[in-house]
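Listed below are the residues making up each chain.
2 protein chains.
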Amino acid sequence: MTLDAVLARIDETLPQSLDRLMELLRIPSISTDPAYKADCARAADWLAADLASLGFQARAAATPGHPMVVGHGGEGARHILFYGHYDVQPVDPLSLWDRDPFDPQVQDTPKGKVIRARGSSDDKGQLMTFLEACRAWKAVHGTLPGKLTIFLEGEEESGSPSLIPFLEAHRDELSCDLALICDTGLHESTVPAITTMLRGLTKCELTVHAANRDLHSGMYGGLARNPIHVLTRILGRLHDDQGRVTIPGFYDRVDELPDQIRQQWQSLAFDHAAYLGDVGLSVPAGEQDRTPLERIWSRPTAEVNGIWGGYTGAGFKTVLPAEAHAKISFRLVSRQDPDDIATRFKSWFEAQLPPDCTVDWHGGNEGSPASVMAIDDPAFEAARQALTEEWSRTAAYIGSGGSIPVAGYFKSILGMDAMLIGFGRDDDNIHSPNEKYDVESFHKGIRSWARILARIA
Amino acid sequence: MTLDAVLARIDETLPQSLDRLMELLRIPSISTDPAYKADCARAADWLAADLASLGFQARAAATPGHPMVVGHGGEGARHILFYGHYDVQPVDPLSLWDRDPFDPQVQDTPKGKVIRARGSSDDKGQLMTFLEACRAWKAVHGTLPGKLTIFLEGEEESGSPSLIPFLEAHRDELSCDLALICDTGLHESTVPAITTMLRGLTKCELTVHAANRDLHSGMYGGLARNPIHVLTRILGRLHDDQGRVTIPGFYDRVDELPDQIRQQWQSLAFDHAAYLGDVGLSVPAGEQDRTPLERIWSRPTAEVNGIWGGYTGAGFKTVLPAEAHAKISFRLVSRQDPDDIATRFKSWFEAQLPPDCTVDWHGGNEGSPASVMAIDDPAFEAARQALTEEWSRTAAYIGSGGSIPVAGYFKSILGMDAMLIGFGRDDDNIHSPNEKYDVESFHKGIRSWARILARIA
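If you're matching them up, the sequences are chains F and C in order. Heads up, the first sequence stops at 460 in our numbering, and the numbers go up one at a time, no gaps. Heads up, the second sequence stops at 460 in our numbering, and the numbers go up one at a time, no gaps.
Rather than coming from a laboratory, the hints here were simulated on the basis of the structure. Model, not experiment: these values are computed from the prediction.
Remember, identical chains collapse to one label, so a pair may be satisfied in a single copy or spanning two.
In the DSS-like style, the derived pairs of lysine-lysine whose C-alpha atoms are separated by at most 30 Å in a straight line are:
no., residue 1, residue 2
1, Lys40, Lys320
2, Lys320, Lys414
3, Lys150, Lys414
4, Lys206, Lys414
5, Lys116, Lys141
Required output: the full structure, derived from the provided sequences and hints.
Structure, rendered in structure tokens:
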């Protein structure tokens with residue numbers, strides 16, 4: 004059987020695959036630091052050349068920032084886009100690294116062999132799993148495994164300033180039937196997983212004004228409005244005793260989980276005690292009638308991220324301040340609309356303002372809706388089966404409490420859903436000193452893509 | 004009648020009294036700035052010499068800071084201490100002054116003649132009203148008007164670091180039957196007044212801890228405890244819908260106003276609309292079933308003076324912080340005990356902490372109880388009648404929302420009540436550029452003391 008031949012080829016050529024990854028890891032493509040601009044370009048050129056060697060029509064396309072690597076190749080019924088990013092995080096503090104972050108090395112550890120280098124897990128090691136799968140396929144079959152577009156970004160770690168303009172300018176070239184994104188991890192470091200739900204986000208910043216200047220609490224205390232009291236009183240009512248957000252209509256567009264997803268999540272047996280214990284907590288907060296996984300993956304939140312007002316320095320000043328401030332953000336799910344939620348919050352807040360108080364709202368609205376992938380596309384179930392075979396563990400559909408903006412842009416700009424599949428682990432130290440990627444993640448990652456592509460492309 | 008002779012003498016010698024005040028005002032005795040240390044000493048020496056010229060046994064007593072001026076003289080049934088302070092506030096910004104702050108001048112204004120100089124109202128002009136009254140009395144009678152101890156501080160504007168040790172070290176020398184303090188003003192700039200109630204103060208600073216580090220609101224939002232929510236929820240309940248403080252037992256030791264005081268305050272017809280309007284407010288906050296004057300003079304308060312937590316810089320960070328902070332102070336009245344109130348607040352706060360949260364309390368307890376003068380001492384009513392005669396307006400017993408620490412120390416260390424009588428006006432610009440003292444305040448102030456001393460000494 005031909006897939007077996009591809010998998011055998013992957014196993015045989017693993018040393019060469021690792022050598023190529025090492026070559027890429029040696030390029031310090033730190034996108035946020037202008038000192039490494041030439042290195043980012045070098046990494047892009049290296050990847051474009053590697054894609055060309057696989058038969059892709061490839062280029063490093065210039066942007067106002069770092070280049071985008073784009074390659075097209077292969078034939079197939081379903082046009083698939085693969086996304087990864089070749090830029091990496093800065094390495095400071097360098098003193099906490101065991102070795103030069105850009106001198107990669109395979110090391111033996113008690114848990115197995117790891118590739119130690121900046122970018123090994125985030126995201127060079129991950130993106131190379133896909134390219135190596137293509138390479139093995141090409142070696143066995145003489146062709147690429149399907150109709151593929153490769154799209155590798157060089158600004159993911161620095162806010163992706165060129166991403167939206169580039170997607171908009173290359174809408175026709177980049178719009179495919181489905182996107183594959185390799186920038187996530189195994190669930191709890193062990194369970195192969197496809198992320199199908201990502202929460203959205205909207206933000207509000209406000210200032211409550213009362214008196215026209217700071218007042219002495221002796222002269223005015225008990226008679227003048229204290230805006231800190233106004234702020235705490237209103238924000239203190241943001242959740243009810245059951246942890247539900249009290250803003251009217253907040254849950255109107257929140258859907259219940261599909262049964263299939265609910266059952267999968269139950270089967271994950273999420274260890275919330277360990278998850279919370281890791282950060283010094285033990286009791287789940289939030290909506291009391293929801294499971295811990297629902298609370299972080301499929302339920303919306305309202306969180307005060309910052310609050311300040313009055314005197315906050317050393318010692319004491321018995322002041323009634325003229326104003327008080329807060330930053331509030333909302334994680335969104337299902338069909339919640341960022342603007343609608345922000346508007347509902349503002350109305351709810353303003354309706355509770357006492358006399359003599361006004362509120363100013365700051366900052367533009369930069370909200371993004373939740374991403375909910377259409378798992379009725381048979382490609383999802385096919386990919387899940389492929390992962391299950393490779394890892395000898397039932398692969399799961401999981402959620403992500405945070406946002407992965409590129410998935411949202413693929414949907415909103417290019418009109419395609421994304422399958423987020425990755426092989427990182429919780430202890431990979433991404434963004435930190437001593438980043439690593441397990442050789443097993445790399446090896447089985449390559450094999451996973453070969454199996455997935457065999458089924459869906 | 005001899006009082007008439009004294010009053011006539013005061014009127015005749017007003018120019019000389021003003022000249023002496025000018026001399027004192029020319030000494031830049033800024034206590035907080037070490038550059039003026041010699042000037043503070045010079046002001047103390049000037050006052051000690053002036054007291055000696057009146058027949059007081061007087062000295063400028065050294066302290067680790069600026070000297071205390073102490074004088075003893077006269078005979079009488081009741082031993083009376085008079086307090087004022089000879090130090091002044093800094094003068095910056097100098098550019099906002101119309102003239103050199105230490106080159107005093109009597110100026111004509113639409114509202115009458117004023118003495119323009121730093122310290123003219125706070126407190127050199129005020130303390131000199133008492134000395135000039137003694138001088139006129141001495142000129143007419145050949146003796147001082149009673150058994151007097153003069154006590155003039157030189158550190159009032161810089162936190163009075165030497166005051167408590169000095170009072171404790173000179174307890175026997177300074178303990179009298181009654182203190183007179185001249186460092187306050189006419190009520191609403193027009194009504195002669197004796198301040199008989201001063202609110203006390205106690206403070207708490209706290210940190211609420213939740214997770215052992217800042218968390219990402221995508222990964223943990225909805226499941227992990229947000230200490231800002233804990234803080235706003237608890238502090239948002241500090242007052243009920245009627246503005247009452249909800250801490251159990253908070254009002255246990257709060258007395259209702261004596262009828263005499265209540266009637267007086269009603270007759271003051273306090274213009275709370277103007278008082279609040281001046282700072283941009285219009286609706287009295289606080290206890291809804293209390294009059295505005297009660298709320299600032301005779302009712303206790305709980306005020307959050309500062310709050311902070313999470314990300315407070317520009318832009319946004321979707322963080323669930325590990326901790327959140329607040330500074331809370333309480334204005335105390337009647338028999339409320341500072342330690343007891345702080346303890347009740349802490350218990351109330353801690354009882355509402357949810358799981359996984361702890362609270363740290365910072366700072367020592369520096370509370371002071373309220374001062375409530377025993378107005379059944381006939382001296383109070385006598386002084387009130389004296390003031391009523393001089394100003395041709397019914398003098399009032401008033402309260403003060405703030406603390407005047409020296410009054411509390413006189414009570415706690417020396418065991419004596421104080422009568423706070425002063426002649427400042429709201430537009431005197433104390434602590435600000437262009438400080439002034441009305442010549443009428445100075446002149447009628449001197450006459451007021453002569454009338455008061457005639458009745459009580």
